[in-house]
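**Q** Build out the structure end to end from the sequences listed, making use of the hints.
In order, the protein sequence lines correspond to chains W and A.
Residues in the first sequence are numbered consecutively from -18, following the numbering used here.
Residues in the second sequence are numbered consecutively from 3, following the numbering used here.
Among the hints, a few may not be true.
[Said to hold, decoys possible] Here are the simulated BS3-like pairs of lysine-lysine, each with C-alpha atoms no more than 30 Å apart in a straight line:
no.: 1; chain 1: W; residue 1: K115; chain 2: A; residue 2: K40
no.: 2; chain 1: W; residue 1: K163; chain 2: W; residue 2: K320
no.: 3; chain 1: A; residue 1: K259; chain 2: W; residue 2: K195
[To be verified] Among chain W residues calculated to face chain A with C-beta under 7 Å, some are:
no.: 4; residue: G110
no.: 5; residue: K148
no.: 6; residue: I298
no.: 7; residue: A427
no.: 8; residue: G486
no.: 9; residue: D490
no.: 10; residue: V546
By construction, these hints were calculated from the structure, which means they are not laboratory data.
Idealized CB from N, CA, C, for every residue including glycine.
Read off the chains here:
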Amino acid sequence: MVMIIIAVGAFYAIPNLFGEDHAVQVVATRGAEVTASTQSAVNDVLVSKGIAVKRSELENGQLLVRVNNGEDQLLAKEAISDALGDKFTVALNLAAATPEWLESMGGSPMKLGLDLRGGVHFLMEVDMGEAVRKMTEAKVADYRTDLRAEKIRYAGIRNGAKGIEIKFRDAETLANAESFLKSRSNDMVFTDRSTGDNYFLIANPSDVYLKQIKEDALQQNITTLRNRVNELGVAEPVVQRQGAERIIVELPGVQDTARAKEILSATASIEFHMVDQSADAQAVASGRVPAGSEVYQRRQGGPVVLKKAVMLTGDHIQGAQPSYDEYSRPQVSINLDSKGGSIFSNVTKDNIGKPMATLFIEYKDTGDKNADGSVKMKKIEEVISVATIQARLGRNFVITGLEHAESQNLALLLRAGALIAPVYIVEERTIGPSLGAENIQNGIQAMIWGMAVVLVFMMVYYRGFGLIANLALTANLVMVVGVMSMIPGAVLTLPGIAGMVLTVGMAVDGNVLIYERIREELRNGRSVQQAIHEGYGNAFSTIADANITTFMTALILFAVGTGAVKGFAVTLMIGIATSMFTAIVGTRSIVNAIWGGKRVKKLSI
Amino acid sequence: MFQILNIKGSVNFLRHAIPISILSVILVLGSLGSLATKGINWGLDFTGGTVVELEFSNSANLTVIRNGLTTDETDGAVVQNFGSSRDILIRLPVKEGIKSDVQVAQVMDAVTLLDPAVIQKRVEFVGPQVGKELAEQGGLAVLVALICILIYVSFRFEWRLALGSVTALAHDVIITLGVFSLFQLEFDLTVLAGVLTVVGYSLNDTIVVFDRIRENFLKMRKSSPEEVVNTSITQTMSRTIITTATTLVVVIALFLKGGTMIHGFATALLMGIFVGTFSSIYVASFLAIKLGINREHMMPVEIEKEGADQDKLMS
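**A** Structure (structure tokens):
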């Protein structure tokens, strides 16, 4: 039983011995997909260039090609990105060189934290104030038009300090307005703040609605950031939320923070244009375009001629949701702010029955730099949809004629074109690769020295039993590494290594407690077997109590710590659990195997 | 049998309790005094700001670097060696309306003039708001840890012992913080991790002693509480020394070999383990006695004979 558990731990620790392969990673970006044909194309290119491929894997829509060395890796990257064009992002990567048979059984090495691997860590905060401000401004405009349409006369509406303040001339109108507005939506909470002759109605978002707004703003930013991070072509990036308003972005291996930041904060925008139907396809193909029009490429491929005049820009878009019409065909519902609504209603009324195009504009990093060191950005314009205007459009309209996946995508892009709330960086940590390697070196050095001294001491002091404790200590270390490798979320950081080193020092405590107790019992004249039994028995509850409290502090540390410190807490907790196992159960079984059931006169302790 | 200690009978540890308690009180008061007057040299994690770590190709002259950082953006920068004479750490304070990027770019401009081959090893920026939150969370973490321990120890032992152990822990934390304050060592997140580990470790020691006290109260029916405590401390003494020694060995290894990034962490542990060992013997036990611990208090708690279920665990 003990042997099995230790063997399992050791098994999962094995992948850490293999090191890493140089690899090239291919990810699809704009509407493309990495398929088996991409894989064979890549292989053909590499073969033609004479680059030996160690292994090529297609997983989760990304292709990972392992090569023999760093030189081949660079050559391969160039060759592949030339061959595939800009629909794919090709990135350098280090892939764990775990043999396939091990990997198929779930074996993988420990993940290294940024402080050991090098890279950038950003903590970004969503400007929730801005999200709420945008929402209330939209509401002010809404109320204005709605009350006017309902012929409820108000004296003024403004976005005040206490919320949206609507002023009336008498109490009756106020009551009318309140019941009317309440019936329109339950997003807002209304309070009557009338004093004397001043009739005020104050509207504030309900808690649920406020939470919803913030959640939307956060989710939208996460989605957008994820898309942009993918464009960066970083291997194994992390984009995850932290709490209610923040987003963590981790980009391993990225050194050029300036570039990463510009891409993350790049803005995308949306424009609506009319399609120029007067242009004929042949003329377009030969490059002759009517004056006042321009050729754009569709996302799905193929050219389309649009009029240069912009009907409406994306900053008027307030929301875009994928939905279904009454025949359950996918569509995207869009709402505009009131200004956008009136512009749109004016321009569409003259163009009923004509096609309108949605143009997506985005700035993408070219990888080059300008003379002043800033990143050279390329403007990319794509037509993401062409739809026929069926009727005069107002603030709310739908785009139909889409596939299901398309509608999801379009809604996402439309929203990305108009971020509800901006994000800004509140924390940034960049670790150079040399420092990462240095950190690993230092950590391992400290571990070797600490462990060596402890092992020697235990052997000298407890002799036979000391050797057993040393075995347990080694098994413990192997198991910590094994468990760390098994848990998908566990990341090894520099403080994490410190935690392991510390575990080495503290793990012997269990054995020391037991052995001292055995010695004491022997001194008190107990027989050898009795002494062993008493030693293990009495020490157990002490060890358990002592470890549970350390575990508690580690847990608290895990809860409050960030990044590297969390890593420390994790290794400490795992170390406590495994050391209790090896120190008590592990050594006992060896002791039993050697001295159990025999008449022993003298113990080697 | 090779032994560090071979004590027959028991040593009257509590005889020294009063002088040592006075020393403890002085140390705690001194630490509090230093904390009140000098405060803590909060690291980047808690204050916010920007840190740039650089590696020069040759020994770097701090004064020359300092003289290069005089623009509005970089004014007030702290330049120090970090590990070796070639490694330099530059700390830049948060400035209203100035972006961290701009500060870093200016620093890089200035140092590249001095050494074109300089390597930017690490850049960290923490917004002032984030720093403030981390500081609050960190303080809260230490408090929560102490309260959880108080509850757990009261539940497992007895409130007098629990109060004794938590006081010992607070004592350790205060003295460790005091040392950081006195020498103005930088206190960052890893140091906080170190302090919390000290809490866990020091408690470990205390529990071992308490466990023995509880056991001996039941065995030594005719002895006074002082005798019981003395005997218990004596019996656990060699274990305490050995465990402290092995832990200190690995912490010293971390301190010497672990590199500059966890120097603070190792320092906190080093201090804490040292103080913690003393406090678990003197502060915790002495306080429990002063609170009037006696045999009756141990009776309601069932002593679990965990040895009985040992065989089940065996393979």
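**Q** Holds or violated: W/G486 as interface residue toward chain A, Cβ cutoff 7 Å?
**A** With a closest approach of 4 Å, the W/G486 hint holds.
**Q** Was the hint right that W/V546 lines chain A, CB cutoff 7 Å?
**A** holds (5 Å)
**Q** Given a cut of 7 Å on the nearest C-beta pair, is the interface hint for W/D490 held or broken against chain A?
**A** holds (4 Å)
**Q** Have a go at the W/I298 hint: is there a Cβ in chain A nearer than 7 Å to its own Cβ?
**A** Result: violated, 29 Å to nearest chain A Cβ.
**Q** Under the criterion of a CB-CB separation shorter than 7 Å, is W/G110 in contact with chain A as hinted?
**A** violated (13 Å)
**Q** Would you check the hint for A/K259 and W/K195, treating anything up to 30 Å between C-alpha atoms as holding?
**A** Distance of about 47 Å is beyond 30 Å: violated.
**Q** Straight-line Cα separation of W/K163 and W/K320 no greater than 30 Å?
**A** holds (23 Å)
**Q** Would you settle whether the hint for W/A427 is holds or violated, based on the nearest Cβ-Cβ distance to chain A being less than 7 Å?
**A** Because about 4 Å separates W/A427 from the closest Cβ in chain A, which is inside the 7 Å limit, the hint holds.
**Q** So, W/K148 near chain A? Judge it on the closest CB pair being under 7 Å.
**A** Constraint on W/K148 not satisfied, violated at 36 Å.
**Q** Within a Cα-Cα threshold of 30 Å, do W/K115 and A/K40 meet the stated pairing?
**A** Distance of about 46 Å is beyond 30 Å: violated.
Comparing the model with each numbered hint stated earlier shows that hints 1, 3, 4, 5, 6 do not hold.
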